[in-house]
Structures are given as C-alpha cells and as structure tokens.
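Number of protein chains: 6
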Amino acid sequence: MLTGPFLDRNWMGQNADFASADIVMLGLPFDGTVSNRAGARFAPEQIRLASWGLEDYSPRFNKHLQDVNFHDAGDLELPLGNTYRSLDIIEENVRQIYQAGKRFFGVGGEHLVTLPAVKAAAAAFPDLAVVHFDAHTDLREQYLGEEMSHSAVIRHISKFVKDIRQIGIRSGTKEEFDFIKTRGMDASINDLKDTKIFVTVDLDVLDPSVMPGTGTPEAGGMDFNTLIDWFEKLKDFDIIGADVVELSPDYDPSGVSTAVAAKVIRELLMVC
Amino acid sequence: MLTGPFLDRNWMGQNADFASADIVMLGLPFDGTVSNRAGARFAPEQIRLASWGLEDYSPRFNKHLQDVNFHDAGDLELPLGNTYRSLDIIEENVRQIYQAGKRFFGVGGEHLVTLPAVKAAAAAFPDLAVVHFDAHTDLREQYLGEEMSHSAVIRHISKFVKDIRQIGIRSGTKEEFDFIKTRGMDASINDLKDTKIFVTVDLDVLDPSVMPGTGTPEAGGMDFNTLIDWFEKLKDFDIIGADVVELSPDYDPSGVSTAVAAKVIRELLMVC
Amino acid sequence: MLTGPFLDRNWMGQNADFASADIVMLGLPFDGTVSNRAGARFAPEQIRLASWGLEDYSPRFNKHLQDVNFHDAGDLELPLGNTYRSLDIIEENVRQIYQAGKRFFGVGGEHLVTLPAVKAAAAAFPDLAVVHFDAHTDLREQYLGEEMSHSAVIRHISKFVKDIRQIGIRSGTKEEFDFIKTRGMDASINDLKDTKIFVTVDLDVLDPSVMPGTGTPEAGGMDFNTLIDWFEKLKDFDIIGADVVELSPDYDPSGVSTAVAAKVIRELLMVC
Amino acid sequence: MLTGPFLDRNWMGQNADFASADIVMLGLPFDGTVSNRAGARFAPEQIRLASWGLEDYSPRFNKHLQDVNFHDAGDLELPLGNTYRSLDIIEENVRQIYQAGKRFFGVGGEHLVTLPAVKAAAAAFPDLAVVHFDAHTDLREQYLGEEMSHSAVIRHISKFVKDIRQIGIRSGTKEEFDFIKTRGMDASINDLKDTKIFVTVDLDVLDPSVMPGTGTPEAGGMDFNTLIDWFEKLKDFDIIGADVVELSPDYDPSGVSTAVAAKVIRELLMVC
Amino acid sequence: MLTGPFLDRNWMGQNADFASADIVMLGLPFDGTVSNRAGARFAPEQIRLASWGLEDYSPRFNKHLQDVNFHDAGDLELPLGNTYRSLDIIEENVRQIYQAGKRFFGVGGEHLVTLPAVKAAAAAFPDLAVVHFDAHTDLREQYLGEEMSHSAVIRHISKFVKDIRQIGIRSGTKEEFDFIKTRGMDASINDLKDTKIFVTVDLDVLDPSVMPGTGTPEAGGMDFNTLIDWFEKLKDFDIIGADVVELSPDYDPSGVSTAVAAKVIRELLMVC
Amino acid sequence: MLTGPFLDRNWMGQNADFASADIVMLGLPFDGTVSNRAGARFAPEQIRLASWGLEDYSPRFNKHLQDVNFHDAGDLELPLGNTYRSLDIIEENVRQIYQAGKRFFGVGGEHLVTLPAVKAAAAAFPDLAVVHFDAHTDLREQYLGEEMSHSAVIRHISKFVKDIRQIGIRSGTKEEFDFIKTRGMDASINDLKDTKIFVTVDLDVLDPSVMPGTGTPEAGGMDFNTLIDWFEKLKDFDIIGADVVELSPDYDPSGVSTAVAAKVIRELLMVC
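Residue numbers (the numbering used here), protein chains in the order written: chain A, 384 to 655; chain B, 384 to 655; chain C, 384 to 655; chain D, 384 to 655; chain E, 384 to 655; chain F, 384 to 655.
These are calculated hints, taken from the structure and not from any lab test. Given the structure is predicted, the values throughout are model-derived calculations rather than measurements. No incorrect hints appear here.
Any copy will do: because identical chains look the same in the list, a pair fits if it lies in one copy or spans two.
DSS-like, lysine-lysine: derived pairs with alpha carbons at most 25 Å apart: (1) 502 with 618; (2) 446 with 557; (3) 542 with 576.
In isolation and in its complexed conformation, chain A is listed as follows:
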C-alpha cells in the first residue's frame, strides 16, 4: 500500500465506523418521477465532494461535525426506471438503520425518496410527525395519472403519520391549500416538542436566487439564514430522521447550489 496522504472521499467529518455511529447518512440518487427538470440523481455525490469546501465547525451551533457522530454509508444503487422497486430498496435499508438503533439522514434525489424513508421511520416510531420544508405542497393524490410522484409524496405520507407541518409553502393547487387548512398542517410546530419528528427539506424551499439548481424553481422563497433559524428552533425537538432533497446540480454551472446544499446538510446535522 501507498503512504499517501490521500484525500478522504466520504462526507467531511463522518465517523468511518457504522457500528459506533448514531446517525447513518444515505445517498438516494433517484429522480424518476420528476415533473419538470431532472438531475437530482447526481446530487448525493456532488454534495459529498462539496462538503470539503466547508469548515467542519459551525459557528451558529458552536459545534463540530465530528460531534454529530454520523456515518456516511454511501449511495444506494437504484433502478431509476422502476419506481416501485427503487422505493422498496430505500425502505429496506432505512428499516435496517432503525433496527440497528440509529437515526437516518437521507440525501436525495427527488422528494419521492422521502416516502419509503418515512414509512420505515414510522414503523419504528408509530406516533411520528413530519416537519416539511418546501415551496410546494406535494399534496396531490396523483400527477398526470401517476400515484407515485414527487408531487404526491406528502399526501401519501399524510395517510400513515400522526401529524404533518409545512413550512415555506408557496405553490400548489387550491385543493392542496384547502387540504392544509382542513388538516391543520401549517407552520406552527411548538406543540410537536415531545413528539418524535422526521424533518424533510426540499431545497426549493429556499429562494431560486439561493438555490437555482433545483428541478422546480419557485420564486419568493426564504433565504439561507431563515432556514437555519428554523433548524435552530428544532434544536430541542426529538428528531429521529431527516432528509435533504431536490438539488439538481447540473442546472447551476456556478456550483453555488451544491455548496449551499452541503451547508444546509451540515447545519441540519448539527440539530439531529
């Protein structure tokens, strides 16, 4: 073997040992149902590379990535053309993470990957609530006749979790906005403090100026610090799983979207 030194090719600051880690990060390179611009399949690896452009220390949370104790398990190999089988593979792996007594941290891929992940999490924690950051409601029953769509992911999840709260929403059908109101799914989260929660972040919750590299850019979103303010509120919550989805790196030739996604993940890890 060679003496190197060699560049580490895993997420910066990870714990290389699965067994002793508290959190398992899993890349989910799937974008088979994207209705607008695809490419989210390339996100997990590009974010991993971009993580090395960050510091491992977060001044906001006064904490190092090493304190988080997460293991980067790599990216699943998913058959893009077969949505159902892809979702099964994700669900099975996330289930194994919870069976090992660990927490799951997903890196998408499109938002539909959240469905099997939350299914596996809800199997482990029956009273699970979901805190959902997004520009879009994702509450359709189907899209162009397809039930399995990233536009329907939260609707499907709403059928088996106890509670959902949505933050940053600014686009959807009138029916979807009515559904939010009827179900009490708005952005108030304080009553969830004693509930196990799964945090899912669709990066298009950020304004397109901050995150141009995404499949469905929607003007009028929040800036980076506002999102991290929300994470800070979640610091004392009982987060048992999380994911960050919908970066489409090729749509931003400046590379900034990927760098922002990496920092969103770093800061979200700090409160998990």
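Here the structure of chain A is known, so what remains is to put chains B, C, D, E and F in place on it, guided by the hints.
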C-alpha cells in the same frame, strides 16, 4: 386528425378565444436598441414555455389564471433593425386591442416596446398615468445620440401622459434624478387610485441575484416578494394596461430568470 | 382579431393542413428511462424554435422544406412517470398517422419513443427494416432489471422487424457487439433499397463536440457532414417513417446542439 | 509613476507606434442588425484579452507577431441604435488608415461592419476583389425589409467591387445560391493573385463545434486547420485589408470560441 | 492618428493623470494560493470592462466617480507560481503610491494580495487599523502547511497593525472564532473614527446568491445594500487605503458577479 | 451494516485489491503553476464519476477494463500552494508503486505532476523514453521566472530520460521548436518499440472543440479517434507508466470534456 392528447403551447390558463377575453397578451420580441447585453427578443416564447412550470393557482391572490380571462395572441413579427417600423407595428396592434374594448398585457422585449404601447393606451384613455418599476430611470433624452433608446423610454412617455411614478429606481444620471424630483415622480402612488394606470415592469427592478438574465443587471434591487407586495397594493387600482420587459433568457443558463419572469407575469395578471 | 404580423410558432416550412400533408411530424417529450442525463423531454419545443434560425432551403438537396409537405402536429402530452402508458399513447397516435395514409416523423425525447413508433409502422408495413444511427447498440435485454429502457429499444424492435442495420455504433457490451455480428446488423444498407425502411437517428451518433447536449455523450463520433452523406445515400430508399431523438438541450448552454438537431431534421426531411 | 511591471493591455505583439506600423487593427463593437443572437459587440475586447493566452510565434508560418508590424488602435465607440451613423464612423476611420498608407485589419462586431471598411478600401484601391469566408451567402437585398443587415452585406459590396469569391458557404436562399453561380463567385481564387484583395472572415465559416460562440451557428462547417490552409494559400496574394467578425463571446461559457478567434486573427495577420 | 471616437479602456470616470490623482487604483491579478476554486486572476480586467455598464453617478452618495479623483494605473504583471516574489512586487508598488502622497485602491486577485498592500500602508501610517469584510476569518496560521495562504492573510496582518475589525464573518475554525473574541476583533467600528483605516472587502462577504462568482462561496451572507450601508457608515472615517478581492469571474456565466463587483468598487470609491 | 446495493465509487472496472493489481491509478489534484485557467485539481474525482457513464468494454480493443487489472488508489492530498512539497509527495508514492513491481497510471491535475512521476519511473527504469501528447511543447526553461511550471515540465524531464517524442504539438516559442528539431523529438516513435516508455497525455492535444474544458485551449488539434489511433500503435510497446492531465472540468458546463477524458483513460488503459 390525431387523438393526442397534445401539449397546449399557449400561455398556461389563457382563454383561447380572443373575442370573449378581457385582456390580450402580446409578445413583443424586440431588442434593437439595447445598450448593454441583448437577447430580450427571445423572452416572450421562453416565458410562455416556462409558464407551464407554474401552477395556475396563486395562493397570494387566492385566484386562478382562468379567472383573469386573458387571451395569448402570440408574438408580433418585428423588423429588429428598423426601430421606427417595429414601434409602429406594436402601436397599431395595441390600438386594436383597446378599440376592441380590451386591456393590453405586453411581454417584452426591451423596454422601448413600452413607448408605442402606452401611446396606444393614452389614445384610448387620455388621463393615463404610468406606474414604472425599474432599476433605471430611463429618463435620458437620448443615448449616444439616439432618441429611440430603451434608456429614454420613460422620458418620451412623460411628454404625453398625465403622471408617472417610479418604483425601485437605483441608477441614472444626476440630471435624471433631478428630473424625478422636479416632476414629483417618486414611488408614492396612493393618489392614483382613481386614475387609469398603465403598469410597466422592467424586470431589472429585481435584484440581479433574483434576475441575472437581464441586459443591464444593477445590484441592490428588490426581492420577488417585495415586488408582489407592490402588485398587491395595485389590486384596487384601475389598471388598463401592463407589460413586463427586459428578460434576456440566454444570460441565465440555470433557467431561473425565465421561471421568475413567468411568475411575475402570473401575479401581475392577477391584479389586472 | 389583430392584424399582426405574428411570428409562426410551428416548425418552419410546415404545411398547416394535416389532411393534405404527406408527412406528420410529432413531438415526443418523454425521457423517463434515461440512464445518465435526462432533459430530452425539452427537445421538441426547443428544436421547433431553433428551426427558425435555419433557411428553409437546403443547398445540399437543392430543395425547400415546403417541397417536403410535412405537417407539424405539435407535441404529445405524456405521463413521464408511467412508461407503459406513455408508449401506448405514442403508438396509438402513430398508428393513426399510418391509417391516414401518411408517413410519420418523430422528434424525441429519449430513444425509447422509437419502440411504439416502429411498432405502429410495422403494423402498417409488415416487412419493415430499421436503419439505426447511434453511438450505442441499444441491444440490451434490460437495464438495471428494467425491460423498458432506452438502452434496450433496438433489441425489442429486433423481435418484430425484418431487418436492422446500425451505423455509427461505438459503444456497447461485448454481448451486444456479438449480437450485431450474429444477426448481420452492420452498416451495409445497399440491399435494403427495395424494402420499406424506418430511419431512427439517435443524435449521439454525432461526436460530442458537435452535439454536447445529449444524455450519454460518447467520444469518437461522426461529424455533421458525414451524417448528411448517409442521408444522401438514403435518398433513393423507401423511407416510410423516421425519428430524431436524444437531444437534451439544457446540457448545452451555447444552444448549438439544438441548432444542429434542427438542421439534422431539416436534412432528413429532405430525403423522406 | 509606478515601477510595475504592468500587464500590456493591447493586442499581444503589436507595435505601440501608429506611425511606424504597416497594419492598423481596429475593433468594431457593433451588432445592431443581428437577426438571431447578438453579442458580437463584446468581441473585440475579449479577443484582445485572449490574445495573451497565445504564443506570439506561429509554427505554421514560422513567424512572430512582431514581424507583422501591426498597431492595435483600440475600439471605435459606435452608436449601436444608429446603424447609418455607426457605418459612417467606421468608413471615415478606415479611410484615414488607407490615407496614411497603411493596411486595415478589423475585428468585429457583426458582419455589416465590413461594408464601410470595404468601401474605404475600394476608394483607395479601385480594382479591389473580396475573398469572403462564411457559412452564409449574405447576399440578400434586404432582411425583414431592412437594407442595412448583416445578411445583406456582401450583396451591397458586390455592387462596387470588381470581384467576390465565397469560401465555406453552406446556407442561403435558392436565389442567393443562384446569384453566386451567375456571378461566378465560387471558391476558386487562383486568378486573383495579381489583384488587390480584401479578406473578410465570418467566424461561423468554422463548424459550430469549433466556434459555438457566434450569432448564427450553422452545422457542417470547416475545422480550424482547413481555414488556416486557406490562409496559407493566400500568403502570396496582395492582401490590402482584412477583418474577422461575428464572434459572440457570451454564448460560449467555456471561453474556447474567443481563444479560437484570437488564433484565427494571429494566423491571418501572418499572411497580411 | 485616427479621429475615432474610441472607447475608453480604463476604469470609467478615472483621472488619466497619475500626478494629479488622489487615489491610485491597481489591479492585482494573483490567485496562486486559492484553496478551492481559482480564477481571481481574471478579475481586474473583467471588472474594468464591466465598470462601463454602470453610471458614473451614485444616487446613494449623490456623487460622481469623477469627484473621487482616482487614477487607474492598470494591472501588475505577477509571477503566479512564485508567491513571495508576487507579494514583493505588490508591496513595492503600493509603497510608491504612499510615497507619492496618494491613497491605494486595490482590485484583486485573491485575498493574499492584501498582505503586502497593508504592509506598505502600515509603513506609511504606523497606527493603521484594518476593517475587514469577509465570510471567512482568514485567521489561520497556515493552510496545508503553507504560511502564505489566502486563509491566513488577516492573521499575518494582525501581527503588525494596531487593530482589526471583522464584518460579515460566518465561517472559520473554532480556534479562529476564539481568536476573534480574545482580540476584540468583532464588527464594532465606531471607536476607529479617528484612526487611519484600511478597508479590505472579500466579495464573498456577500451572499453567494449575490456573488456566485467567487472561490469559496459561503451561504448566509449579506445582501448588496447591507454592504453599502456599511460603506455609508465609513464615510466619515479616515480611509487611507482599500481593496476589493476574490471575484472569480469565470464561475458566473451570467456575468452578474462581475457587474456587482464593479458596483461595490464604485460605491467604496465614493467613501474613500 | 446495510444490505444496499450500493454504488461503487471507485473507477469503473478497477481491481479493489492493491496487492494483486498490475497497474495502480493515482489521482493527482494539483494545479498550482497553471499559467492560464486553473481548475485541473478537480479533474481526478470528476473523471472517476464520469467513468460510470462508459461501458467497461472497449470495442476498439475488444477488451474489458477488468482485463487490465488496475487498482484505483484514490487521490493524493497535495498542498497546492507548495509546489515543491506537492511534487515530493507524488514522487514518493509513484516510487512505492514501482517498488511494489507495478506500473503507474496518473490522473492529473496539471502537467507538472508528470515531472515527479517520470522521475520515479526513471529511477526504476534507467533507459526510459517519454512519449508526449500535447498541443504545447512544454520545453521552456522557466515561465515568468519560475522553474517549476507546467510550461517547463518536458524540458526538465528531457534532462534525465533517454529520449522524448512529441505528438500533436502546435504551440510554443521558436526556441522550443528549434529544441525539438535539434534533439530529434518529433512524432516518429517506431524505433522505441524495444524501449521502456512512459506515455504522458496532455488532453489539450485534442482540439478545443473536443476538449473545451482545459486550461490552455489551442485551436487546430486532433480529434478523438486520431488520438486512439496513436494508442493503437502503442499497443505493442513496453509502456511502464502513463498519465492523462490538464482536464479543467468547470470550464465545460456541458460535462462533455470530463466524459471524453474518462474515455481517453479507458482506451489508454487498454494498451498499458
């Protein structure tokens, strides 16, 4: 004929029937006098395509595009190298819209296209005022010796409309800023509530981070929601015409500028 | 109605009347099974726009587009997430074209759209042969377990057409290259002169320098004129259908790939 | 004053002294009549910068730029919106170059800038012939009703020069191609050896793979070395003026088009 | 000589005469120690070009660039691979500026160029304080074993200036943040009013949405107007030198980052 | 541990076991002396990712990557700002590869990384010759006063290897071209068949149309197949080391340059 189904290639949510529509949308692919970066000629068609990435429902105005009752008439064919003839064609078509008892909604093209449109509108409504969103004063008498320039469009308009108000201005010569002060053309609009107004939106009123795809990016602009706040103020005004100009789509390879332009148009339609 | 003049938004030089046209052009915006980089769904409309940057006269074939007598029928609306239903819609529409006694000219979309098109063509012309321009063999039985993949399209077609010839191939598995040899599917086409043929052009047959905007760029391809030389050879063949697929316009910010695709289509129309 | 050293900001290898130079290089940042994609106005300065990425030695011609003895006079300031005045300014300055007993070397800008330059050259050399490298015939009488268009430049020139030869042409109307034939304007140049010639190079004569950053990319062009082979043929001709036009640098984010344009200029200077 | 008119190729609004100018602007095209994405070497010339897209009048400061009385001295020629020699050349030239009784205004280049500039300034003004705008602390002692790194520039400066204040910092190691606290280097600047100060602006202090074209984009930064608010606070301070660094223009194909950098410089000049 | 399946993140087709491999591939992410456009430091990892877009079978050589028996050892961590130390680390690791009785295959990084690699190879094989593919001679003694420059790498190598042959050269100073002639370093290679050779491929030997993503694009290069023809000639030579350098992936937003680089490496591996 074929059974399809076929994609609709007009603006999302339009009324396909000219006769029954209240508003007529007209694409104005002209950029012959642009002083810096051209390409606004490509905007009308790219915005039309991008409109399908939006929802037809605006949660901000709790209204559907279909409720607006606008007809997408397509894009005029303009002889780019001949400024005067291009302006004549625009004026004649806009005049026909007003003669048909309808309102005009233009999609530029560079800002000079607003001159013939407002001329035609002022012919129909003699006491017309103009509400002007822009980074630049556009109050020069000429630019490099040319009277017909997108830098002079509002100066020319000021000669035949009753009133002009400017919002978002952050660039111009000292003479232009003095002209604004002398004429009382600042951003206060409340006294215009009972006046017929024409709303012209130069997209560079938005910050370049939000709208990089424009000919003359000018740092320090407003964000998307601030612009829509202004539109909300205009909801109770008597808007008899409007346009949105100066997207240069090729300068933003992420496609976000075009998506933002489409949403600006959707929201402005909601208050027309 | 307005006097305009208005820009024509159909393919340059088309016959606006379906009934009297000899050839029907159909846009097929589908890219649901793409194994590498998606985005071919955006190709048909962008190519249509780019057609107006060309002349309607081809000096190579000394012929005008108007002489071809083709009708641009627009783009099918396809449920991207549902491969089978998308393919059914394509097949049904192409069948209608042949039932109307016309020839089909498809604009993809990914290469899988060729499967239902050739199925419909073969139903009309039982002894059909396929002339296949591509960098890739596309002869897999499945890809990542999926039978319906753009990597398998020609294999599936090989089961129901009389003959296939492949031109420009430079990538595949050893098994695929052996399959070509066993089946006699190489680039010799002279014996097909009296056979009805369907010509399918995967644009990645061109070198990536000529066509960077494609899903699976493969170095070492032919240049533009070599491809048109092949078309010239096909001038005296009995082409009853054709398609041009796999432009992914967003991957080429220079716009050149889209312009090249439009010209490939213009020249192929000249020999259909 | 400071001791530096400072970067030279003129064209690499120029003679800083106008009086003693044999050739005067003039930047012509005009693109007011471009029918497709504009931006050629930015070319002269970007090419100047890119010249420093080259060597001053040409191995093909075994000669240094310093041996050419050319002076970089800078870029004219042209009123883009006023075509006629812009052309007048160019003509007047080129006339001064010839009156000073020097030869002219122009850097466009769009192709229309060649019209006043050749006018001034023809005033000095009445029997002038033009050797024209281009993808397009540029032989229209007018474009969209405009006489002054980059699509008409060679037609206008044909009215006052003795002879024109066109090399690389692959696009035009049937009428234009007939005009070429009638006038004997094809690519044979040997009989011009004893004639004063003006060489005008529209960079889109190169294939779009080589030169994506141009206003009207036209597939099927020549590669770089073929163009330089033509320059080599011209080595023994009596070139009294030349220009290189139609780079639109912003359309090629890789910067390669600008680098290629700079090298085309370096090699053309070698034979002037 | 020619009558022109010619485009001015220096910074807009400069005083062409070194002797009578109060401020000397110097381009410093060096990026040899950049840890992430290079390219800052191309900034000085691209910003100079972009300055012509601005007005010379600043409405914020109600002042013209001509009132600033600055001379654009051009760009130093620096041996990129030799960090120490490059820094020496910079120091020597800046020293000459102060010896001539003028103030220095630098345009980077990477941030390390600030070290020799401040050294020369501190030689002229021994009680100098530095006001430092940046996303990053730049307080490392070394980076990957290298003392001379843009990540260490402020640490080295801290050893010979009286005081440093940091504004906009949001990234660094825990040790660096502790260093800031210990040394009292936070953003309070009011007590520096009677001190000679050097203002150094790393453009990544702006949010990456505003300034994507930089080497180390760091989410969560300030917007343009907030930065100019800081400049306005500095209006009454005794600024004896300043620089603006770390634009990497090639990373932003929209050109907006370069336009923003030019305006940052214009506004900073207004308070110098 | 999880059941996956997981994506392999090493070079496609590698042997995961160092000990049993014949060839060791080493990434060398260094670009500290690049004279024009940097970014080659990002190449090794992006090429590794792009390798998965290729087939593992080469039809040209009728061979699989698995038959090559190479091990992907990862990328060295190099202190960019310290050229000498970076070169030492490379030399030491390459020496270890030869001491283990294996052959070296480097992936740059800029061309200077070839110097320590060939040093280590020449220590193992004293009569080594170098076959050098490049647009540039790289034969300067120094560049801007720096001895250690990618423009000088072959000159330095020429001092300790037996022989050098250069292929594809089209740029250099007159002195460099004279040096080639004097030393007999032209493209004839047949007499090297019985000599141990090291093959170094600067990717800018390819035409910029094929490889825009490189630091110093130089028009007039060879196309992909011509380069592979050269590799085919080398099939029977005794190649004991090789490298492929100077991809700068960020300069080609289409991603094609990276895909081409990956295929160049695959084909070169086939003949090693």
